[in-house]
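Assemble chain U onto chain E, guided by the hints.
Chains as they are written, first to last, in the numbering used here: chain E, 1244 to 1345; chain U, 600 to 991.
Worth flagging that the hints you see were computed from the coordinates, not collected in a lab. Treat each hint with caution, since some may be false.
[Unchecked claim] The calculated lysine-lysine pairs, modelled on DSSO-like cross-linking and capped at a C-alpha distance of 27 Å, are: (1) U:K778 with U:K765; (2) E:K1309 with U:K765; (3) E:K1247 with U:K765; (4) E:K1330 with E:K1248.
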Amino acid sequence: MTVKKVIAENSRNVSITIEGRFDFSLHQQFRETYSSCNDSGTQFLLELSKATYMDSSALGMILLLKDHAEKIGGNVLINRPSEEVNKILEIAQFHRLMTIKV
Amino acid sequence: MTDFRQRLFFIGIGLSLFIGVNALFIQIHLLSVVAAVFVGIVLFLLFRGEQDNLTVDSKTGDGVVDVEIIHHTFLQMNKLISTQMVIIENEIERVSCLVHEAVGGIAGSFKYLQNLSLEQQEMINSIISNKKNTGDSEHTTLESFVHDSSKTLEDFVNVIITTSKKSLETMVYTDEMVKQLDGIFKLLEQVENIASQTNLLALNAAIEAARAGDAGRGFAVVANEVRSLSVNSTGLNNDIRSEISLAQTIIDNLRKSVEHMASADMTSTLKAKDKVSLMVEHVGNVNNETNRVVDELAALGPQIIDTVATGVRSLQFEDLTFQTLASLKDNLAAISSLSQLLTDFDKTNDNCAEQLSNITLQCEKIIEHTQQADESRSVSQTSMEEGEVDLF
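So that you can see chain U by itself, here it is in the shape it has in the complex:
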């Protein structure tokens, strides 16, 4: 309808211009020109009136063409909003999946790390117990072994010294025994003297018996017997002497044995003692160093567990992220309802103004709802540090 009026207006203007120009060229009466210009002015004024009417029409909803445009615009807007919403929804879904997967992976890693740490702790404990104990029934440790070795060496030295002392005492007895044997030799000499004197006496007696003739024959027999006794006695003396000489030889051997027993060289013992002392020092040092390292390792375990706990706690960001994504979905729903309002715009309904004001009203409601949701959201957690919830 508007197009038609406009065309009509332009046709009028064109017509009056045509008439006016023609009148000038063919020199019609000035009055006709004035009339044509007047008609143009009237039409122009009329058109302006129509323009004003048009504005009023759209406001009152009487203009059917304007409703068409609004409806068309609304449809376009709706299309745009729907496209954007689909993209945003997909992205939110993708973020959710990514966060969920990542958190699952990280949590698994942390659990694994925790187990490894516990395992390590157990190993350290077993090292500690192994170090202190060789596992035998007496619970021998390296320190006690070295200590025992030192003690054994001391005992060994004591045994050597005691043996030497006793051997030397034996030497005293042996020397006394040798003196005794020398005494026996002297006595034997006396016995030998007696025997030789007896022999001599027997010889004299035999001579005297021979001089006495028949009367001394019996005495001669006795003298002879005495002489043979003295000879036997000398033989016995020699036997005793050789026996004692043998005993002296044996005593000499005994002396050598005792000397050997008494004289132990202490140089090797000295070296052994030095080595044991060195070992005691070394074991002490190694022990201290091992204790220090083991203590440090033992202290590391709880630290790792603490760190893992902190990491696990930090995984609450998953919750917070999901909350944020959920509220984003709320916002999307608001936009969606706006889109629905635009779709619901009825182009056949003549009361355009009412529909528009209805849309405005609905918009206000949505805004109010969104603001409330946002306020309640800001009350909820905003920082991970505030929450100390252990998720596992």
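Here chain E stands alone, though its shape is the one from the complex:
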């Protein structure tokens, strides 16, 4: 379980990749990836194709990321969630809150 962060040159596209279990143990790392990105209109791309598991704290983290993005006038896009993860996102009805590219 790792959190990788790639910031594009224009610093408005931040890509966050989660591998393995996405749970509470990542919360500090996860928050640190976005808390310093305060450029307005920043788009956060959350890459979840390699995430194998997700619990409710991960959902909470994504919601906090969304709050942060909205605060700076940006948005969150979840990219290619794995099947397991996508089911959880569906129950949580996250597709109503943000764009999920399957």
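Below, chain U alone, put in the same frame as chain E:
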């Protein structure tokens, strides 16, 4: 009288034959034979005349013997007719009874069937209302229950997520608090440094006071007090440090609690969601199937009632049958009056021809009456389909 004449005739013939044969055998004169044959021929001719007279007698009614025969024949005919009529009347009565009983039974059955059908219809209606309503004050149905369950599950998921989010926010505050505590530790270190420096200064002051001798005695007291203050201050610092350490331990516990609160496993929720979805589908299917069957059942009810109505209408055959039997009775009455005519034939009345022609006249009248009755009957109903009268 006729017998007597016939006997007389045969006696004559026999006599002339006897005479003729005897004459041949005893060889009487041929003339005698011719005479005997002649007498026979004359008698034969005479008999023929009598025969003709007889025919004429019966026609004119003068023959008393013929009237006797006619009367006898009439009596026999009357007997035959009466016997047949009694049988026919009994049979008609029997048919009437059978038809009446059968119709009563069938009509009863139809009524019972109709009631059963109505009962069935009521049951179906109650099934329909039961299916839609569990009977509670909110009129919960199976569909609404499943829908509510789905909604409850959604709410539950939302609560979990919100809790996680809030817990994570709490974690941010906690982390900040830990940072603050670390800051306090650093400040405490500075305070400790000041205390140790003060202690050192007090020690130096005490040394200097001792070197000054009596003049520095008062200063020595002050230096000593300052030193004890610094020692107290260090003690206080240690107390604060241990208190804050305790606070850090508490914060660690808080962290664990919050982590526990934030991390809910969603697998069971996933399964529950799948089950609810399956249930929604199942309830939908069952509902459709039940609706279809109930609709079919509901449609059967009126069909049964229609069929029963047709059956009841068909029971009009009882009426038609009774009409037919009644007209058969008319016919019997006609035959009976014919029988009466035969009985009324009076053998003592010499005017046989008149009586016979009277009978003929009466017969014609009866025939005419019967024909009229038959015509009026054919005007009346001949088919049950023509009559749409409901008997019940």
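Here is what the structure says about each hint:
For the given pair, K778 (chain U) sits about 20 Å from K765 (chain U) by alpha-carbon distance, which is consistent with the 27 Å threshold. Proximity of K1309 (chain E) to K765 (chain U) is assessed by CA-CA distance (about 14 Å); at most 27 Å being required, the pair is judged to hold. The suggested pairing of K1247 (chain E) with K765 (chain U) holds, with an alpha-carbon distance near 24 Å, which does not exceed 27 Å. Distance check on the hinted pair: K1330 (chain E) and K1248 (chain E) sit about 25 Å apart at the alpha-carbon level, within 27 Å; holds.
This entry satisfies every hint, going by the numbered hints stated previously.
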